[in-house]
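Engineer: If you're matching them up, the sequences are chains A and B in order.
First residue of the first sequence? That's 1 in this note's numbering, and the numbers climb one at a time after it.
First residue of the second sequence? That's 1001 in this note's numbering, and the numbers climb one at a time after it.
No lab work stands behind these hints: they were computed from the structure.
You may find that some hints are simply not true.
Dumping the calculated DSS-like pairs for lysine-lysine here, alpha-carbon to alpha-carbon at most 25 Å [said to hold, decoys possible]:
#1 A:LYS224 with A:LYS27
#2 A:LYS83 with B:LYS1008
#3 A:LYS115 with B:LYS1287
#4 A:LYS120 with A:LYS182
#5 A:LYS221 with A:LYS30
#6 A:LYS120 with B:LYS1008
#7 B:LYS1287 with A:LYS83
#8 B:LYS1008 with A:LYS123
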Amino acid sequence: MIEVLNISKQFFSGSVNVQVLSDISFKLEKGNTLTIIGKSGSGKTTLLNCLGGLDLPDSGRINCFGTDINCLSEKKRSLFQRKKLGFIFQSGNLLSYLTVFENIVFPLVLNGFSKKDRTKRVKNLLEMLELNLFAKAMPHELSGGQAQRVAFARAMAHSPQMLLADEPTASLDTQTGLNLIKLMCSVGREHNSTIIVATHDNEIIKYADKIIHLFDGKIIKELKK
Amino acid sequence: MNMNFWIKTAWLFLFRSKRSTSALGLMIFFAVGTLVFITAIAVGINDSMIRNSTGLYSGHITGFDLPKTLARDTLLVDGVSDVLQRFQIQGSLHNQEKKEMLTLIAVNPDQEKKVTALWKKIIKGNYIADNEFEILISRATAKKIGVHPGENIIFRSGSAVYCFVVAGIFKTGIERLDHGIAFCPVSILPDLPANWDGAVFLDSGADMKGVVESYARKGLKLSHLKTWKELMPDLTQLIELNRISMGFVMVLVLGVVSFGTACAFAIFIISNIREYGIMKAMGVTPKETTMLIIFEVILMNLAASFAGTLAGSLVVLITSRTGIDLSSFTSYNQYFVVSGLIIPRLTPFLLFLPGAIALSFCLLASIWPAMIVIRQRTADILRSI
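Hey, can you work out the whole structure from these sequences and the hints?
Structural biologist: See below:
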């Protein structure tokens, strides 16, 4: 279970305080898919960052699978992210100095998987995502869709309990985006991972168990399917 | 913590960002290579000053008032290349009415010529020949008593009177050699003094302290022995100064280079901050991030320093074959009276010192960019790219 309780976040932009998140609360069952929708600047990415411990809210609590991530030390938060989370960013954000294989294997090494297990997992993922031929390719040699699939493979390689995706289809064409969403949901279900997606994409909404609509940092609508 | 993984990742980061790595590596390469060469020259200058100062006459160790019973061969221990036996006779040199009090030093001319460089400082005439009643005098003495090579001269010591032909006139430029001493062959003297002086010359790189200790073990009194460091405190101080100033130069050069490298390295890390941000998002701890940056610094330094040391050593090897002739800059310097030729030389310590200093500076320099990466929030890093 993920429990978000009254979180707020401000940013200082020049001399102006911008309230990015305001008193956000919601709950999400394990294995469910949550879609956060809203206009640009509504606070989707900030909420996602707070949920993943990449940023800290000014107030409120976030309890992920029994751990209050705001109360963790930097090291413990890193270890929490390493073990339990997987991230997909808008632009793929692959490590540009590592090959496709090395990018996917990175979280597996961090999590102490054996070499045999690592190779098996990466091979399976590459096969499933039809990226076998690109194992040795560098990120700059991939198309947008391929890069996003590698980012997905990297995020799911260690079977995290929660997958956070920030506008994963934004830089993809409709069909590639749709394929990625289907894949994300099916693999997520297979691993019983909780998926939280911030998006503008209406296609993703179809696959969500819960939808949160943000406007100026506030939840204006919460839908359960 | 998987060290091999972080070393491999650091290597991949460096290897695959070729241009940045090459630019940074070249800075370290040139700094280390230049310093290796400069330190070799500094050692060569010190060597040259010692070689010039000891090789002219005194040797590395001088034995005073050694008993006649002590054979010359006794002093030929390990590390000693030659020992010259000299006998001192106090007396006066006469040319008609003119007179000069001096110490006549009876030497073996062939050995002296082979080992010392005094004969190179003859400005008129020739060096003394064995078994000939010849005398070598300084220019100051020749001027004072008004003699020239080929002319006869009288030396009186007590009741003994010797008639010599002036073989040559020398001028070293060193005060203590240019005044009050003259040389003659030992073979022509019927009676030798009870004690003798010895000039001990060491092999290149021999341990002078060890030689003195081995003399002490043979029963020689240390009060009879003086090393060049004791006899020439000015030279000792000069060499120490040279070493200290070289140390300053090394620290300053590497300091300046490291400052440049630090800035370049900061740019390198900041330009790659996206990568560190992604890693942080994947759960890489601050400690692991620091380790990755440190490994990058170490690997780059090891490679660049190794190449720099190799290149510097190669230049030293090439220049040491012919030496670097600085005669035109040292012609009036008493420490370069024999030769102004500098032969660059490297010691094992100095060979690795520039690389070690470069690594230390670069490690210090990497603290700042590492702190930037660690302190910045992952979200801020990812937001900025």
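Engineer: Indicate, hint by hint, whether the structure satisfies it.
Structural biologist: Okay, the hints, checked on the actual structure:
For the given pair, LYS224 (chain A) sits about 11 Å from LYS27 (chain A) by alpha-carbon distance, which is consistent with the 25 Å threshold. Pair hint LYS83 (chain A) plus LYS1008 (chain B) holds up; C-alpha atoms about 22 Å apart against a cutoff of 25 Å. Restraint check for LYS115 (chain A) and LYS1287 (chain B): satisfied, since their Cα atoms lie roughly 23 Å apart, inside the 25 Å limit. This hinted pair checks out: LYS120 (chain A) and LYS182 (chain A) have alpha carbons roughly 23 Å apart, not beyond 25 Å.
In summary, the hint linking LYS221 (chain A) to LYS30 (chain A) is supported, as the alpha carbons are separated by about 21 Å, within the 25 Å threshold. Taken as a hint, the LYS120 (chain A) and LYS1008 (chain B) pair is honoured in the structure, with Cα atoms around 21 Å apart against an allowance of 25 Å. A threshold of 25 Å between alpha carbons decides the hint, and for LYS1287 (chain B) with LYS83 (chain A) the separation of about 17 Å falls inside it, so the pair holds. With a CA separation close to 21 Å, the supplied pair LYS1008 (chain B) and LYS123 (chain A) stays within the 25 Å bound.
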